[in-house]
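Engineer: If you want the building blocks of each chain, they are given just below.
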Amino acid sequence: MIDFTQLIQNENMKIYRRLRTVIMFILILMFNLLFGVLFSLDNGPGQLTAWDAVDQLSFLYFLVVIFSTVVAADIVAGEFTWGTIKLLLIRPWTRSKILGSKLLSVICFTLLLTAWFLVTSIAISFILFPNQPSVIFGQGANPFAYIMEKLLYSYIDLLVITIFSFMISTVFRSGGIAIGLSMFILFTGNIFTMLFNPIRYPWAKYMLFTNMDLSQYQNGGGNGVTGMSLGFSSVVLAAYIIMFLLVSWVVFNKRDVAT
Amino acid sequence: MVHKSIVSPGTLSVEPVVRIQGVSKVIGSKRIIDQLTLDIPAGQVYGFLGPNGAGKTTTIRMMVGLMSISEGDIWINGKSIRSNFESAISDVGAIVENPEMYKFLTGYQNLLHYARMSPGVTKERIMEAVHRVGMQHRIHDKVKTYSLGMRQRLGVAQAILHRPRLLILDEPTNGLDPQGIRELRDYLRELAESEGITVFVSSHLLSEMELMCDTVAVIQQGRLVDVRSLETGIEAEGAIRETFFEVNNPRLAHELIGEGRIDKGCLIIAADRDKTSQINAKLVNAGISVYGIRAVTRSLEDQFLELTGGGQID
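Top to bottom, those sequences are chains X and U. Going by UniProt numbering, 112 is the number at position 112 of the first sequence; the sequence numbering is gapless. Going by UniProt numbering, 218 is the number at position 218 of the second sequence; the sequence numbering is gapless.
Simulated from the structure, these hints should not be mistaken for lab results. There could be a bad hint or two in this list.
Across the chosen pairs, the derived CB separations fall in these ranges [stated by the list, open to error]: (1) X/83 to U/27: 18 to 26 Å; (2) X/177 to U/79: 33 to 41 Å; (3) X/5 to U/27: 53 to 61 Å.
It should be emphasised that the depicted structure is a prediction, and the values quoted were computed from it without experimental measurement. In this text, a Cβ means the ideal position worked out from N, Cα and C, and glycines have one as well.
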């Protein structure tokens, strides 16, 4: 199995040798810088501290979600669009291994982009804002731990959407549909949660949308009435991820490449 | 060109590189390929001929595992493509239709990509393949700057990287200019002769096949219609061909010679080379002006059209 790393290397080459990917990294830096500067102008110096700014900038994480979705949408569909799938699948590798290498490369990409986001937002915050005790977090709190926990929840959210995009990419062989549907889920999730509130509709607590935002449980928050908890949502999300992956694998393995 | 009669599968003593046994492809209620059985002997350039829609590409896609096989099986070097895919495919290099490459990568990066997927392909081997197809000056340029001919060469390079024993090319001359077609044809022949690679090449162009192949299998509507071997080279001495004599007085000429027929103002006689010159002397001596003599071979094209009924698609 040592050779499997070669497949990952290939997928990485196809992700990072594209101008698009470089632009994504630059955009994350630029937006963090832009909003960092805007916050510092708006509030005047001395109001926000560095850790407060990091927390404020975390809303920009949706950029990471979008970029991850785009890369996942393209990683299988792109091969079909370019026609390279024909040359890719006639190598001494089973389709499962090739799909596996693609999935792993996408996950590595999301981790790298997340790390880049964290590093740039912290760096920019500490350059633009004073490193003083936080106004928002209060005395004795550990802002870094709080931010990391929030980021972890956001990352799980990202992972679900990214794998959904990966599945659509595999099933429909179209990056456009994958990006479109993923964005639809990303932006309409809240509306669905409002329309089908688990308090009124018991079945709604098994919906993907109601469980995606794990930060709803942060600071001891939870939905006691409906029986939803961090553990419950984690299990539901895991079930959805497994389902997405199963669909991807079955379709990819069975598909006749006729384009 | 002389065409030898049918080579039936199974009469060849050497183990074939490819054995296609009772293969069918059923999509919905339609049988795209119907009970196809074919052996491809080692070291040949083997043509796969048929009109568009006959099932050539489908067959090739089943051979390389891009499409599933509904019935039957295909063995490459004795290894089943259905049950032992990774092992069977490692002896195969292929271009399925146009060689599409990653355009945002350089030619070299494309080759590196495929080299990583086969065991034992070194950087030296990549450069060797690059030199073989004459791409050394442009290999570090991005593929999007390549012409179709250059992409075709890169396609051949990726197909031979891992020294396969079987090279499968699906319509390799599609979209190439005559110069490119000629280069590719010469190159394939050379590969087959110098490296002992078996080449399986599909085309709907008969003239191509005649120039390139040792054996041609003809497929129509998903069924194997004919397998024949082609002997290339100079016309045999005693071959009798339809010979057209263009003369000023065909009727008189016909009476004088006493055989043949008249068509489009020409006297047509079945004759070999000696007889042709004798007839010519006779006509000239009798004072008949001979404007031209033309021998017509019934080409593979005619025979093919006969076999496939004009190549209509259902």
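Engineer: Are the hints correct? Go through all of them and say.
Structural biologist: Hint check results:
1. X/83 to U/27: 18 to 26 Å: holds, 21 Å
2. X/177 to U/79: 33 to 41 Å: Holds - the Cβ-Cβ distance for residue 177 of chain X and residue 79 of chain U, about 38 Å, lies within 33 to 41 Å.
3. X/5 to U/27: 53 to 61 Å: violated, 37 Å
This entry does not satisfy hint 3, going by the numbered hints stated previously; all others are met.
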